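Student: The listed protein sequences derive, respectively, from chains A and B.
All residue numbers in the first sequence are consecutive under this note's numbering, ending with 393.
All residue numbers in the second sequence are consecutive under this note's numbering, ending with 225.
Derived by calculation from the structure, the hints in this document are not laboratory data.
Do not rely on the hints blindly, as some may be mistaken.
To be verified - Listed below are the simulated PhoX-like cross-link pairs for lysine-lysine, each with C-alpha atoms no more than 20 Å apart in a straight line:
hint: 1; chain 1: B; residue 1: K103; chain 2: B; residue 2: K159
hint: 2; chain 1: B; residue 1: K51; chain 2: A; residue 2: K298
hint: 3; chain 1: B; residue 1: K103; chain 2: A; residue 2: K320
Values in this document were obtained by computation on a predicted structure and should not be read as measured data.
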Amino acid sequence: MKFIKNHLMFILPLMAILLGVEFYLVFDRTTDSYEKGLKEGYTMLVVTKKPMELAELQALNAHISSSEKIKRKNIVSEIAKGISVGSRKEILAALPYFYNVGLDSYMHTSRLEKIKKDLEADKNVKKVETFGSSYSSAYRLFSFIKFTLKLFIGFMAVVSLFLIIKQMEIWKYAHKERMQVMEIFGAPLMLRSGVLFKVAIADAFIATFLTSAVFLYIKFQWAANSGIDIMMQKQEELFKLGDMGILLGSALLIVIIAVYSVVFSSKGVQE
Amino acid sequence: MSNVISASHLTLAYDNGAKEIIKDASFNIKKGEFVFITGPSGSGKSTLLKSLYGQIRPKEGNLVVGGLDLANAKQSKLQELRTHMGIIFQDYKLVNEWTVAKNVVLPLMIAGYSVDVQNTQAHRLLKHVKLAEHADKFPLELSGGEQQRVGVARALAKNPVVILADEPTGNLDDYSSNVIWDLMENACQQLETTVLVVTHKIPTIFSLPYRHFIIESKGVYEVH
Chain A
123 MKFIKNHLMF
133 ILPLMAILLG
143 VEFYLVFDRT
153 TDSYEKGLKE
163 GYTMLVVTKK
173 PMELAELQAL
183 NAHISSSEKI
193 KRKNIVSEIA
203 KGISVGSRKE
213 ILAALPYFYN
223 VGLDSYMHTS
233 RLEKIKKDLE
243 ADKNVKKVET
253 FGSSYSSAYR
263 LFSFIKFTLK
273 LFIGFMAVVS
283 LFLIIKQMEI
293 WKYAHKERMQ
303 VMEIFGAPLM
313 LRSGVLFKVA
323 IADAFIATFL
333 TSAVFLYIKF
343 QWAANSGIDI
353 MMQKQEELFK
363 LGDMGILLGS
373 ALLIVIIAVY
383 SVVFSSKGVQ
393 E
Chain B
2 MSNVISASHL
12 TLAYDNGAKE
22 IIKDASFNIK
32 KGEFVFITGP
42 SGSGKSTLLK
52 SLYGQIRPKE
62 GNLVVGGLDL
72 ANAKQSKLQE
82 LRTHMGIIFQ
92 DYKLVNEWTV
102 AKNVVLPLMI
112 AGYSVDVQNT
122 QAHRLLKHVK
132 LAEHADKFPL
142 ELSGGEQQRV
152 GVARALAKNP
162 VVILADEPTG
172 NLDDYSSNVI
182 WDLMENACQQ
192 LETTVLVVTH
202 KIPTIFSLPY
212 RHFIIESKGV
222 YEVH
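For reference, chain A alone in the conformation it holds in the complex (with noise of 0.2 Å):
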């Protein structure tokens, strides 16, 4: 029973960081996608007096990275429905040129007024729409849950690592009497923790597959049964393979830094 408490008290602190790990991971590839959703989705109106081209509005901005022009017969027929042939050549005539303009990324609504102030000041360019207070919002909501979840992460993660520093004070207390009783004997560092590591490592591993098959429950039984649409488009995203390898790296950087903090805490024979 004192066994599997023991363990169980590395191993808990240890999947709590593991999870928030997993978390962030997960989160960095949903809101990735959905970030780049968002900025294709997005386009700003340029209105110039003459034809440009894509190089000539990136020489203004290097954050454009797009520009579609939009049909100016198409705006004259939709304006000048009922009108004479000639009124409709001269609207044609005094119309000024329209593109959609796109941006490399998802970005803050004051980098927008900036670009928007960099095309105005181009004597070619009439006018420049931003749809900012529609964007600014979505912007503001995908960064206050981004936020949000990054600071739950964390603050589990500082009290995982107390969690793990309490573990620690139980190791130190529980191995020194005989890694210092080795020590006196001439027994090389590795030997003398040896039992610690192959703890602390089989921890390590524990808290990594029960992560894992946490994540792996969600991926293949909850999200694909929830009938929550964004889970069921985003399974694939919910836990890849190459996710194993960075738990169990990160489990076994956490056992090492704690294993040779407890070891290096206790040389030296107690009196």
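Here the structure of chain A is known, so what remains is to put chain B in place on it, guided by the hints.
Tutor: Frame of chain A; chain B shown alone:
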């Protein structure tokens, strides 16, 4: 015979050198000698012993053990030196989570001997200290005298060049004390092991010739 331990103008201190315990001590101990170190409580007997296995480094002077200059030795060299020593403590310093047999073969385990050799040696050593039937017990299941015999068996496990014993019979009854002295006498006589014993009192019945050092007022003096 060559010196196993050689101290020259040795000063030992605690608190980063602020508190001197031994000052300007010089002595030599040869292979196969049995040495008692006595002195009042707090005189520095245990400190001197700790310096011999590198737990405390000299503040001044030279201290050479088994050819290694302990003032300047690297930690790895110190570790190696300790594998040629048998150290016995008043409080036994056994690993309570290990069986008696495993405690005894610790020096062999450190030296990388195979499990078969360790098992054979554990049986031989425990028979030697009359504890063969206790091999699978844990230290806390034994009496103080028995635990100290385990400590002595561990110290003898690798036929050490030097045995350092800090009050080995301090907590023991007369019977257990006599057994411990016999074991150390035998090691000295049969294996030519150098034995240094820190003690309050030299045993009244002791068959071997020995040297006696006394520590007083920070000095180490030989009693002739």
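Student: Run every hint past the structure and note whether it holds.
Tutor: Evaluation of the provided hints:
A C-alpha spacing of about 14 Å is found between K103(B) and K159(B), which places the hinted pair at or below 20 Å, so the restraint holds. For the given pair, K51(B) sits about 19 Å from K298(A) by alpha-carbon distance, which is consistent with the 20 Å threshold. Distance hint between K103(B) and K320(A) is fulfilled; the C-alpha atoms sit about 19 Å from each other, no more than 20 Å.
Comparing the model with each numbered hint stated earlier shows that all of them hold.
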